[in-house]
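> In order, the protein sequences belong to chains A and B. The first sequence begins at 1 in our numbering and counts up by one. The second sequence begins at 1 in our numbering and counts up by one.
Mixed in with the good hints there might be a few duds.
[Said to hold, decoys possible] DSS-like cross-link-like pairs, simulated, lysine-lysine; straight-line CA separation at most 27 Å:
hint, chain 1, residue 1, chain 2, residue 2
1, A, K56, B, K57
2, B, K104, A, K68
3, B, K71, B, K14
4, B, K71, B, K104
5, B, K57, B, K11
6, A, K56, A, K68
7, A, K71, A, K56
8, B, K71, B, K57
9, A, K71, B, K104
10, B, K57, B, K14
11, B, K11, B, K71
12, A, K42, B, K104
13, A, K56, B, K11
14, A, K42, B, K14
15, B, K11, A, K42
What the hints contain is simulated information worked out from the structure, not anything from laboratory work.
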Amino acid sequence: GESVGLHLPTLSVQEGDNSIINCAYSNSASDYFIWYKQESGKGPQFIIDIRSNMDKRQGQRVTVLLNKTVKHLSLQIAATQPGDSAVYFCAENYGGATNKLIFGTGTLLAVQP
Amino acid sequence: DTGVSQDPRHKITKRGQNVTFRCDPISEHNRLYWYRQTLGQGPEFLTYFQNEAQLEKSRLLSDRFSAERPKGSFSTLEIQRTEQGDSAMYLCASSLGAASPNEKLFFGSGTQLSVL
Numbered sequence: 001g002e003s004v005g006l007h008l009p010t011l012s013v014q015e016g017d018n019s020i021i022n023c024a025y026s027n028s029a030s031d032y033f034i035w036y037k038q039e040s041g042k043g044p045q046f047i048i049d050i051r052s053n054m055d056k057r058q059g060q061r062v063t064v065l066l067n068k069t070v071k072h073l074s075l076q077i078a079a080t081q082p083g084d085s086a087v088y089f090c091a092e093n094y095g096g097a098t099n100k101l102i103f104g105t106g107t108l109l110a111v112q113p
Numbered sequence: 001d002t003g004v005s006q007d008p009r010h011k012i013t014k015r016g017q018n019v020t021f022r023c024d025p026i027s028e029h030n031r032l033y034w035y036r037q038t039l040g041q042g043p044e045f046l047t048y049f050q051n052e053a054q055l056e057k058s059r060l061l062s063d064r065f066s067a068e069r070p071k072g073s074f075s076t077l078e079i080q081r082t083e084q085g086d087s088a089m090y091l092c093a094s095s096l097g098a099a100s101p102n103e104k105l106f107f108g109s110g111t112q113l114s115v116l
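Bound-form chain A, shown alone:
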């Protein structure tokens, strides 16, 4: 069977700590970015988005930072909770009429109680 897909980057944090998940995107023309959270057996769940004319956006306990110079996104989660344990994906919109999102590989966040 396939094994290459099982080697997800993993971030392990203690409950209550802050988490930072990083993502490198591929297309310098992308103008919209989303972070999704995916729990086992479920579809991706929207967390936060940011447009390319911004470099920071805050939500409830989450902050997304965008650095277009180096094509880098990060997701910061404050006071990480066990319920935050999941795989986190960044996705970019290449632009154009389709509005399709291109997803990165994902990072597994493991929160230790």
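Given chain A's structure and the hints, the job is docking chain B onto it.
For chain B alone, coordinates are given in the frame of chain A:
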């Protein structure tokens, strides 16, 4: 429940059989997407509908795959002559289809296909 609904949640089939999945998007959403996700990978785009029109198909969508959205509401994805490599989670997503091209996609829980 007003989210994206997919049926069935799980499908086990034998190689060579045909399978069909259904997706019901959020009711006012004009755009509907199918993605495929294998273990440990991010979802990969398969195809996209604007209302009933299928406007884009990925080269991942071989001739054995066909998707329809006959009335611009629910959609079906059919895989003919399934192969073991088709085993994956098939995700449906929808978005509002407003004038702005930048919209968040809302995903269903997916159909997990296992081809034996």
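> Run every hint past the structure and note whether it holds.
To see whether the hints hold, each was checked on the structure:
1. A:K56 to B:K57: violated (33 Å)
2. B:K104 to A:K68: Distance ~20 Å between B:K104 and A:K68 Cα, so the pair holds.
3. B:K71 to B:K14: With Cα atoms ~31 Å apart, B:K71 and B:K14 exceed 27 Å; violated.
4. B:K71 to B:K104: holds (23 Å)
5. B:K57 to B:K11: holds (23 Å)
6. A:K56 to A:K68: Holds, because 11 Å separates the two Cα atoms, which is no more than 27 Å.
7. A:K71 to A:K56: Roughly 14 Å separates the two Cα atoms, so the pair holds.
8. B:K71 to B:K57: Roughly 19 Å between the alpha carbons, so the hint for B:K71 and B:K57 holds.
9. A:K71 to B:K104: holds (20 Å)
10. B:K57 to B:K14: holds (26 Å)
11. B:K11 to B:K71: Holds, because 25 Å separates the two Cα atoms, which is no more than 27 Å.
12. A:K42 to B:K104: Roughly 17 Å separates the two Cα atoms, so the pair holds.
13. A:K56 to B:K11: violated (42 Å)
14. A:K42 to B:K14: Holds, because 24 Å separates the two Cα atoms, which is no more than 27 Å.
15. B:K11 to A:K42: holds (15 Å)
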